[in-house]
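Numbering (my numbering), first residue to last: 10 to 1032.
The hints are simulated quantities; they were obtained by calculation from the structure and are not laboratory data.
What you are looking at is a predicted structure, and each value in this text was computed from that prediction instead of being measured.
Be aware that one or more of the hints could be misleading.
[What the hints assert, rightly or not] Label pairs and their in silico Cβ distance ranges: (1) Q858 / L266: 36 to 42 angstroms; (2) Q858 / P549: 57 to 63 angstroms; (3) L266 / A681: 40 to 46 angstroms.
[To be verified] Using 30 angstroms as the maximum straight-line C-alpha spacing, the simulated DSBU-like pairs for lysine-lysine come out as follows: (4) K243 / K924; (5) K288 / K835; (6) K249 / K1031; (7) K243 / K835; (8) K76 / K973; (9) K299 / K924; (10) K977 / K882.
The C-beta atom is built at its ideal place from N, Cα and C for all residues, glycine as well.
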Amino acid sequence: MKNRLECMQSIRFLAVLLMCCLSYTTWAQTQSNVNGLVTDFSGEPLIGVSILVKGTSNGTVTDLDGKFSLSAEMGNMLQISYVGYISQEVKVESDKLLRIIMEEDTKKLEEVVVIGYGTQKKVNLTGAVAAVSAEDLASKPVMSTAQALAGLAPGLSVLQTSGRPGQGATVKIRGTGTFSKAGTDPLVLIDGLSGNIDDVDPNDIQSISFLKDAASASIYGNRAANGVILIETKKGAQGKTTITYSNSFGWQQPTELPDFLPSWEYAEYYNMAMRNMGKQEAYLPEQIQKYRDGSDSDNYPNVNHLKWLLESGSGFQHQHNLSIQGGNATTSYNLSVGYRNQEGMTAKTSNERMTALFTMKSEIAKGLMLNLNINAYNNKYNAPNGEPQSIDGMIGYAVRQGPIYAGQKSDGSFGYQDNYSPEAWLASESFVQNVSRNISASGQLTWNTPVDGLSFIGKVGMNYWTKYDKAYRADTYFDESKTVGPATLNVWTANNTYTTFEALATYEKQIKNHTFKLLAGTSVEQSNNKGLEGYRNTFPNNYLYELGSGDKSTATNDSSLEEYALLSFFGRINYAWKDRYLLEVNLRYDGSSRFADGHRWGLFPSVSAGWRISEEDFWKNAAVSAVVDNLKLRASYGVLGNQNIGVYPYQQIYELGHDYPFGNPATLQSGAYMKTYNNPEITWEKTAITDIGLDFSLLNGRFSGTLDYFYKYTSDILAPVEVSSIMGREVGQSNVGAVSNEGIEVNLTYNGQIGRDFRFSISPNFTWVRNAVEKLANGATEEINNNRIVGQPIGIIYGYETDGLFVDQAEVDAATEQLVSKSGLKPGYVKYKDISGPDGVPDGKVDAQYDRTVLGSTTPKFYYGLNLSTSYKGFDFSALLQGLGGHKRLIGSYMAYAFYNGGQIQRWQAESCWKEENPDKWAEYPRLETLNMNDTNLQTSDYWVRNASFLRVKNIQIGYTFPKAWTKKIGLENVRVYVSGQNLFSFNSFYKGWDPENEIGTGDSPSYYPVNSIYSFGFNFKF
10 MKNRLECMQS IRFLAVLLMC CLSYTTWAQT QSNVNGLVTD FSGEPLIGVS
60 ILVKGTSNGT VTDLDGKFSL SAEMGNMLQI SYVGYISQEV KVESDKLLRI
110 IMEEDTKKLE EVVVIGYGTQ KKVNLTGAVA AVSAEDLASK PVMSTAQALA
160 GLAPGLSVLQ TSGRPGQGAT VKIRGTGTFS KAGTDPLVLI DGLSGNIDDV
210 DPNDIQSISF LKDAASASIY GNRAANGVIL IETKKGAQGK TTITYSNSFG
260 WQQPTELPDF LPSWEYAEYY NMAMRNMGKQ EAYLPEQIQK YRDGSDSDNY
310 PNVNHLKWLL ESGSGFQHQH NLSIQGGNAT TSYNLSVGYR NQEGMTAKTS
360 NERMTALFTM KSEIAKGLML NLNINAYNNK YNAPNGEPQS IDGMIGYAVR
410 QGPIYAGQKS DGSFGYQDNY SPEAWLASES FVQNVSRNIS ASGQLTWNTP
460 VDGLSFIGKV GMNYWTKYDK AYRADTYFDE SKTVGPATLN VWTANNTYTT
510 FEALATYEKQ IKNHTFKLLA GTSVEQSNNK GLEGYRNTFP NNYLYELGSG
560 DKSTATNDSS LEEYALLSFF GRINYAWKDR YLLEVNLRYD GSSRFADGHR
610 WGLFPSVSAG WRISEEDFWK NAAVSAVVDN LKLRASYGVL GNQNIGVYPY
660 QQIYELGHDY PFGNPATLQS GAYMKTYNNP EITWEKTAIT DIGLDFSLLN
710 GRFSGTLDYF YKYTSDILAP VEVSSIMGRE VGQSNVGAVS NEGIEVNLTY
760 NGQIGRDFRF SISPNFTWVR NAVEKLANGA TEEINNNRIV GQPIGIIYGY
810 ETDGLFVDQA EVDAATEQLV SKSGLKPGYV KYKDISGPDG VPDGKVDAQY
860 DRTVLGSTTP KFYYGLNLST SYKGFDFSAL LQGLGGHKRL IGSYMAYAFY
910 NGGQIQRWQA ESCWKEENPD KWAEYPRLET LNMNDTNLQT SDYWVRNASF
960 LRVKNIQIGY TFPKAWTKKI GLENVRVYVS GQNLFSFNSF YKGWDPENEI
1010 GTGDSPSYYP VNSIYSFGFN FKF
């Protein structure tokens, strides 16, 4: 019996074991390890592609070779998705290797754009938003993010006014909106924190969004009147850790340089000027010969001081960036460090910058996400010092200093003109050193609550900036008879602490065909700025340049403290029906400490709507849908504000140190007085913007574009108000002015492909803006001293119209009365027109009251760009053209006039001037004479105004990416090499030798640093 029982138990055990084996075999037949390879159309592996078993959380991503492996049952559907490509679903039908080819999403319907406090699908945008990607910035070998933006987006004006190391560019969105001290700079937010556009390394940027209309920008209220720039830094991603290293090495040279005459020609033309003035010639023939043969270079030199100064530096620049990215299912990170060094075209001039970025995203609990962002830099700028105390001023005076003045002589002394000698100042121990440091950090917690679609976000951020600047001008030896001194030292130190706290709630809900998105939030911002400066002169020697080493009796010092705060409440509602009809409403309520009680709060609303016509059934069923696959009409209106009017502009300020005698006998008592009466009722400037836009794509997304019309009206602009002198004091500013900007933007893109390997892209953009002053203080129609006239653009050039030059004495005698008596006129002088008089008609004489008019404006009317790119197998080529137009400029003093205040003469002035033997009425330069600012020929007139429009070949780059089959053999995933040129050449009709984009100081204290061309090469490695 026992044996039988044991036998039955054994049979049962074997039966169970057999059933388990059969079950395992059946399961094994349906559950298997699926392996696959994902590539693009050209066969290149795609890294980080998401592979998910549909209906489950079972998923993975492709590795560096584009391969993946995961467990799945036969018949399961795999969902494959990747940014920029059309998502696919693939059925598991066997255990063979799956080969999946991803197709690019040329329609980009899922493309996401960063907006205020969130993101949104591009196709669902109802506001005017332009975006620039990391790829757009990568091809520019520049040291500044602002410079890299030129020509990339419609509505964006970028001016590079200087090539000085560390200098960025001026960025404006949709024109110049104000003439007050509130400024025209857009609000810049880096990962949500206020900052400067150049605070972040271009290599660390993932995307930049430009919020151009009120619908997109009003969520930022009284800081958004000039537009908003949102910068998102690069983040990590799931998958294997990747290491990327990129670099570039380049050399700079000026885009334009004036062609000055050598010393012997200088002397010959100077003699001509003396003869034209009825004076004795200054140079004898034998002296001119000594200049020509160079036999006595100390006393008869030939030195091009500007050329020498701009060739004294190496002009070498290099930059390096190393980043590490990685992550797993719950945490991703990005760590990046960068180094940039730009040596100037002038000796002892450089800008060195070190950057660091750390970003992390982690799911610390179910539904709870933590985001950390830290961005920091250390910047050191070095430059020579002299008189004037800047490298820009030294270059400006090198323009003045003629070739007849020696550089460094054979005995070690220096030639000089007044107190100016670039060679002497560069040889001295004088210097400028500016050190600045910045760290920006933020932390954000996002709780995706159990309530579907409801999330809460809390964010805290801090930005700390500090600087320490020194400017030392040493005792400087020129020669035995001249030393410039005493030595002087200025020191400035400052720091700023900015903090922000935000709390947001978002809710998304879809009810059948209706989609709702709600956002509500509040924020608090505080800023504290401190400054301290000191000065001393007379030091023991040129090597002890600390304040404590200077003469105590010469010491001066000063300090400052500024604080302000913002409290804001804001919200947004998005509604969509079938993604066809779109509506967005924004509201922000701001309070600013910059204004007095009762004027601190302002409401900034906006509303926008969109109609995706291409989603209508009548469109889908029409033949046109086969050509036009996406068509959207949108419109918006809203009001923005500008609170950047200073920190305490409404408060009455008393100045100390105004003592007064009291008593009998009188004794001096300490006193203070109110110099300026400030208006306590001032408030922010307001900008109302109307925008109508059209977005479209054709030919399955290959051709796409946007068209926008906008009208921007800025009111309550701060300006001084005239009052009676009886008041006995000056009056501060009031909200009295207005400016408008009306314009059209066009942005087009065509992406094409020929065969399998040749791809190309053409993307032009164009912006036209009509700028006009609409209102001035006291109801005035013009403020000539400020170059403002109602109905005219900001920055007008106001002066005389001319009728060429006087050809001969007969024309002088017959002319209407000019600005000087006829005894002071000569043939070859500028002939001014009599265009009006007291009765509104010419009155027979030229005077400033009736005969000046608007000659043009320095404000560009249009700006444009053209992006071209091609690729063939491993080769790639890109080109960027950028231009501005419809504006004019004047340059003056030593840059425009020959022999001005002892200055030089340029070849175009010598060869194109009026001459008695060739009395050309329309000569490019008048009768050659020595000049000063009061000369009748130098009055502001259309004779000296030049068209400042230009088209610049901004960048050309050629690169080659080595085949992965080669690079994998040496352990690298990607290797690219490239050569590039920046600011290669331009087409313009400006003054010969001068770049129309260059900021050039005029008057008797000129200053400028030439815009530079950059020729570079570099490598990109990915491990």
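Quick rundown of the hints versus the structure:
1. Checked against the hint of 36 to 42 angstroms, the pair Q858 and L266 passes, with Cβ atoms roughly 40 angstroms apart.
2. Restraint check, Q858 to P549: a C-beta distance of roughly 58 angstroms satisfies the suggested window 57 to 63 angstroms.
3. The given range of 40 to 46 angstroms is broken by L266 and A681, whose C-beta atoms sit roughly 53 angstroms from each other.
4. Our distance criterion of 30 angstroms between C-alpha atoms is broken by K243 and K924, whose separation comes to about 64 angstroms.
5. Among the hinted pairs, K288 with K835 is consistent with the structure: their alpha-carbon atoms are about 15 angstroms apart, no more than 30 angstroms.
6. The straight-line distance between the Cα atoms of K249 and K1031 is roughly 12 angstroms, inside the 30 angstroms bound, and the hint therefore holds.
7. For the suggested pair K243 and K835, the alpha carbons sit about 67 angstroms apart, so the restraint of at most 30 angstroms is broken.
8. The straight-line distance between the Cα atoms of K76 and K973 is roughly 14 angstroms, inside the 30 angstroms bound, and the hint therefore holds.
9. Between the alpha carbons of K299 and K924 the distance comes to roughly 27 angstroms, so the proposed pair stays at or under 30 angstroms and holds.
10. Of the pairs offered as hints, the one joining K977 and K882 holds, with about 18 angstroms between alpha carbons and a cut-off of 30 angstroms not exceeded.
The structure shown violates the earlier hints numbered 3, 4 and 7.
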